[in-house]
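Asker: So the chains spell out like this:
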Amino acid sequence: MHRSITVTVNGQARTAEVEPRMLLVHFLREVLDLRGAHVGCDTTSCGVCAVLVDGVPVKSCTMFAVQVDGKSLTTVEGLAGNGQKHALQEGFKEEHGLQCGFCTPAMMLVASALLEENPNPSEREIRWAISGNLCRCTGYQNIVKAVQHAAATLHPQPAGRTE
Amino acid sequence: MAVTETEPSPGWLGKSVKRKEDDRFLAGRGNYIEDVKLPAMLHMAILRSPYAHARITSIDTSAATALPGVVAVVTGELLAQHNLAWMPTLSGDTQAVLATDKVRFQGQEVACVIAEDRYVAHDALELIEVDYEPLPAVVDPFAALAEGAPLIRDDKDGQTDNRIYHWEAGDPEATERAFAEADRVVTVDTHYPRSHPSPLECCGCVADVNPASGRATIYMTSQAPHAIRTVFALVAGLPEQNIQIISPDIGGGFGNKVPVYPGYVVATAASLLIGRPVKWIEDRTGNLISTGFARDFHMKGELALTDDGRMLGLRVKMLSDQGYAYADAQPSKLKAGLFHIVTGSYAMPAAHVITDGAYTNKAPGGVAYRCSFRVTEASFLIERLVQSAAYDLGMDPAELRRKNFIRPDQFPYTSATGFVYDSGDYEAALDLALEKAGYEALRVEQAKLREEGKGKLLGIGIASMTEALGAGPSRDYDILGIKMFDSAELRVHPTGKAILKLGVRHQGQGHETTFAQIVAHELGIPPDDILVHEGDTDNTPYGLGTYASRSTPVAGAAAAMVARKLRDKSKTIAAHLLEVAEEDLEWEIGRFSVKGAPDRSKTIQEIAFAAYTDHPPGMEAGLEGVHYYDPPNLTFPFATYLVVVEVDAETGEWKPRQVVAVDDCGVRINPMIVEGQIMGGLTEGFAMSAMQQITFDEDGNCIGANFMDYLLPTAWETPHFDLYETCTPSPHHPIGCKGVGESATVGSPAAFVNAVVDAVAHLGVRDVDMPVTSGAVWEAIQAVKGGG
Amino acid sequence: MFPSEFEYLAPATLDEALSLLAEHAEDAKVLAGGQSLIPLMKLRFAAPAILIDINGLPGLSHLQEDKRGRGFLRIGALVRNAALERSELLKARYPTMAAAAPLISDPIVRNQGTLVGSLVHADPQGDWGSVLLALEGEVVAKSATGERRIPATKFFDGPFTTVLRPDELAVEARVPAPGPRSFGTYLKLERKVGDFATVGVAVSVSTERGVVTRAGIGLTGVGPANIKAVDAEQALVGHRLTDKAIRRAAELAAAASEPRTDVRGSADYKREVVRVYVARGLHQALAAKAA
Ligand SMILES: Cc1cc2nc3c(=O)[nH]c(=O)nc-3n(C[C@H](O)[C@H](O)[C@H](O)COP(=O)(O)OP(=O)(O)OC[C@H]3O[C@@H](n4cnc5c(N)ncnc54)[C@H](O)[C@@H]3O)c2cc1C
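Which chain is which? The protein sequence lines are L, B and Z, in order. One point on numbering: in our numbering, the residue at position 118 of the first sequence is 118, and numbering is uninterrupted. One point on numbering: in our numbering, the residue at position 736 of the second sequence is 736, and numbering is uninterrupted. One point on numbering: in our numbering, the residue at position 206 of the third sequence is 206, and numbering is uninterrupted.
Since the hints were derived computationally from the structure, they do not count as laboratory data. It is possible that some hints are incorrect.
[What the hints assert, rightly or not] Here chain Z is said to cover these stretches of chain B; the calculated rule only asks that three of the stretch's residues, wherever they fall, bring their Cβ under 8 Å from a Cβ of chain Z: (1) 98 to 110; (2) 113 to 125; (3) 649 to 662; (4) 709 to 719.
Beta carbons: idealized from backbone N, C-alpha and C, even for Gly.
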């Protein structure tokens with residue numbers, strides 16, 4: 001039995017018929033053709049599928065598409081605005097916060113939720129916030145710097161905060 | 001030794017150019033295998049064996065086949081009719097595509113469902129009925145080699161036991177003599193546990209065979225598309241020109257994506273039989289349970305020393321647990337890869353290395369996980385031995401290293417096992433690490449904490465690693481007979497922009513930027529104007545692929561060499577344009593000018609335009625070339641890693657407090673990218689030492705087939721790294737590079753383990769096997785307490 | 001990654017939810033945060049015919065104190081672990097819970113997972129069960145036919161089983177309000193973020209004039225279910241938190257554990273960690289009281 005759902009994705013309303021068992025990540029990738037959310041495990045461990053549902057990071061492999069009916073989603077495709085890179089996208093490039101790129105969209109989305117809550121996070125706070133997202137390439141250090149880079153762009157501070 | 005000239009590095013070398021590949025990944029517009037969609041595409045799912053060793057008595061696929069949406073169910077029997085049930089491995093062994101007679105490891109591929117939809121394909125898997133007759137599983141490699149062990153590979157003619165190979169290096173007699181002269185012998189007996197590279201993207205492919213034309217286009221997560229195409233031609237009997245392998249963006253590889261996997265072969269066969277594209281995306285369980293694992297070496301090392309701390313000789317026995325097939329991508333002459341680099345950074349007068357490989361009822365593989373053919377295990381063993389020897393001698397571990405390092409004036413240095421080390425200054429790297437870490441103060445703090453006896457301990461671990469990479473010279477290195485050269489093809493377009501095509505395939509290492517910088521450095525065309533193209537066998541020159549840290553040493557050299565060829569041609573064109581003799585021209589990056597008249601010059605862009613519009617009479621048009629680079633030697637990067645850990649003596653919990661890495665990889669093309677590689681490598685080194693492990697119970701059930709059991713560190717556990725460098729160029733690489741992608745994975749595990757052992761060494765602990773869990777540390781402390 | 005087919009029901013009111021549960025009982029599963037259930041469904045270890053999604057129900061997101069009787073904390077069935085982690089109320093008055101919340105799974109999973117769902121899931125390695133046992137909490141269950149309050153000590157019925165009936169919905173968990181001098185913590189040995197406990201220890205003590213009036217000790221990961229270390233608790237009540245009393249309680253807690261040897265560590269090791277952590281937790285209580 002298919003169900004009709006309507007979701008606002010990156011500001012646009014999208015309606016589709018889905019099987020209840022379809023995972024949100026498959027809905028995004030296969031139905032909406034938004035390929036930034038990836039799949040890296042089958043145990044809700046790796047976080048490369050993370051997107052924002054009503055501004056909150058969720059692992060889109062552990063939610064059914066029918067559950068987001070009526071909700072608002074942000075995916076990496078919605079980060080940039082008016083052809084301009086988001087500060088996080090700038091930060092990741094400037095600080096070499098990505099290598100293979102597979103975990104990057106989810107990392108940036110989770111970081112964007114962090115920066116909403118905490119505009120000037122310390123290294124420890126960033127490491128804590130992204131601890132549901134695995135990365136195999138970078139060793140995380142440059143991801144931390146990338147997030148700090150973005151924080152500095154979005155909320156310039158008189159002096160950089162340390163621990 | 002010096003075969004090609006090494007140049008000093010102005011221009012584009014040493015510049016942290018931001019990566020050209022980033023923008024598409026940042027926008028979520030990478031093109032990974034899961035993103036590849038073709039019209040009329042079908043989906044494949046794999047049924048795996050629940051048993052480690054069992055005879056298959058029957059497979060009933062009727063209910064699965066009848067399920068609406070299922071197009072076909074493929075079994076080994078069907079493949080056997082097409083002579084495809086078995087395939088060769090990259091080490092010249094064979095491996096089942098789908099099991100016919102027996103299953104030989106838990107998770108082995110038994111049948112595949114091809115369906116219109118992935119959910120339906122998985123519904124159908126539940127409907128396949130397989131009857132198994134369980135057989136005793138062989139899970140211990142020592143037991144596998146014992147008399148009367150169940151024969152795992154009874155399919156192989158002439159195979160009467162579970163031995164795969166026996167291979168030796170070094171000089172047994174000289175080593176005997178060294179041990180006879182020694183004042184003392186220090187032993188380390190350890191197991192480098194079975195690890196798995198686990199790139200975050202699993203394996204997969206989309207096979208598109210056109211039955212009318214016979215042409216097969218296969219999108220595949222492959223680090224070595226050319227080599228795979230050749231294997232496919234051999235397996236499937238397809239003419240090689242009809243196979244195109246395209247490796248799209250790869251979400252990490254680390255060696256896991258070098259071998260040929262059954263999924264690729266079945267999807268291709270199914271596409272051929274059905275006449276529609278077939279997509280297979282592996283799940284994580286499949287990835288961990290069946291694809292190329294790494295390590296699993298049981299090693300015993302003995303180091304012979306004098307009482308004043310001089311190393312006299314090294315004797316090593318190693319048994320490799322290969323699983324049921326010998327499926328590494330291994331140079332064919334070197335059965336245990338480069339494990340004989342085990343003498344490390346030390347002037348070791350004599351060495352003897354004895355290696356054996358055994359079949360067990362485990363997944364095949366033994367891939368070089370972020371490692372140049374088993375140098376990781378070797379480096380671990382020698383660096384553990386040196387620390388144990390230091391304790392035995394009552395010497396400082398740093399001092400013992402210093403005393404035995406190969407000295408800078410000894411290069412090129414021929415090691416006791418036959419390597420010719422190109423260049424190095426090990427003491428400089430060690431000294432810098434000690435200075436940056438504040439070594440003396442750390443030792444004082446360590447002593448103080450021990451005295452306080454409050455249960456908090458400090459440990460300092462060092463590893464002074466030397467590795468051998470850049471395989472390799474064609475006289476010694478081949479895979480299935482194909483020599484391990486690599487290649488680059490460069491075309492400069494009329495507008496002065498260029499495309500560089502390579503036989504390697506990056507998975508995040510930044511080739512699109514680094515290799516553009518090499519050409520920029522050689523020709524003066526800015527990196528932004530150079531497109532780097534890899535991973536398409538129809539449109540790149542033949543090469544062996546990206547693994548074992550070989551891309552920059554081999555393909556990078558090829559890029560420099562082909563650029564130089566084009567520069568030579570450019571000179572002729574410039575002379576023609578400027579109407580002077582070639583001898584009257586001089587080169588500075590980006591232009592030829594007339595000696596003594598610098599304003600009379602032609603830029604490379606002007607020359608490129610002329611190559612198509614106004615080339616000298618008699619000369620071929622165009623500015624294009626190809627170079628196949630056969631390296632004269634391996635390169636030998638080195639490093640000192642120094643790790644400081646805090647250990648809770650009551651619970652064995654430990655965590656790194658400081659990690660200092662001094663890497664010397666020769667010339668750094670893009671320091672930002674090099675440092676990224678080192679930090680990634682350190683993280684995997686930490687991961688292996690602290691948590692990554694795949695184990696098996698006595699029935700061969702795999703423990704570690706998902707990310708709840710096979711642990712990868714998060715940002716929270718991963719320490720902060722302090723990076724430093726020294727630079728000792730390779731004398732034989734065209735731009736002095738040595739390769740760096742794996743140094744830190746190779747060298748750092750010993751530093752982490754040494755640090756934990758060092759924290760509890762005063763209690764008498766000498767060894768803790770990896771992964772160093774808190775429980776393992778606690779048990780080690782109990783063992784020395786109990787033993788008095 | 002590909003769950004079996006199921007029918008999806010998303011009731012809009014509690015009554016509707018309860019009547020659906022009554023109707024479908026054995027065939028249906030409640031979907032709360034989904035962070036235990038969906039992973040099982042993805043691997044097809046669970047394949048319920050019907051999912052009743054309670055996320056749209058009003059009135060289950062409360063996290064507040066109730067002053068009735070001796071007072072208690074109410075945690076609605078849709079209160080997420082992330083809300084518990086950020087709660088100032090917990091930090092101020094329920095330190096055992098405040099300490100446990102951030103150690104459960106990872107930050108993204110905490111955005112969905114619920115405390116009540118975790119209790120119903122009854123994973124012997126789940127952390128909330130031990131906390132509720134230590135704090136002597138209870139679960140409020142509702143069905144179409146009525147409501148009952150089940151003390152934590154009676155709620156768990158072995159690994160992954162509870163006494164909740166299939167037609168019942170757990171609507172909230174309750175934890176008694178702390179006395180004036182109370183302290184608690186949760187200590188967890190995990191191998192990495194997102195790992196289940198090798199050992200988890202929930203500690204909670206109340207004192208009057210330096211003498212322990214109530215002690216709660218819950219143990220995670222060291223038995224077929226969460227364990228309430230009753231002997232250790234009783235050994236503390238009526239005594240001052242001296243080194244000796246702490247040592248004795250820690251030993252009794254270790255003795256109450258029934259760990260198994262596995263890749264996380266040997267049984268001996270886990271028992272020792274229980275001993276060390278209980279002692280540490282109680283020493284922290286002592287230090288907090290002194291401050
Ligand atoms: C990667 C990962 C790591 C984790 N680590 C930990 C950890 O360290 N410690 C820990 O304790 N947990 C851990 N968990 C589990 C996590 O905390 C879950 O969120 C929690 O156990 C279940 O809560 P839920 O709301 O997600 O329940 P669901 O998954 O929705 O449901 C779980 C079960 O309870 C039933 N159920 C749920 N709510 C109700 C209700 N109100 N009434 C009746 N039945 C109900 C469901 O039918 C189902 O059977 C981890 C999970 C993941 C994915």
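Asker: Among all the numbered hints in the text so far, which are the ones the structure does not match?
Answerer: 1
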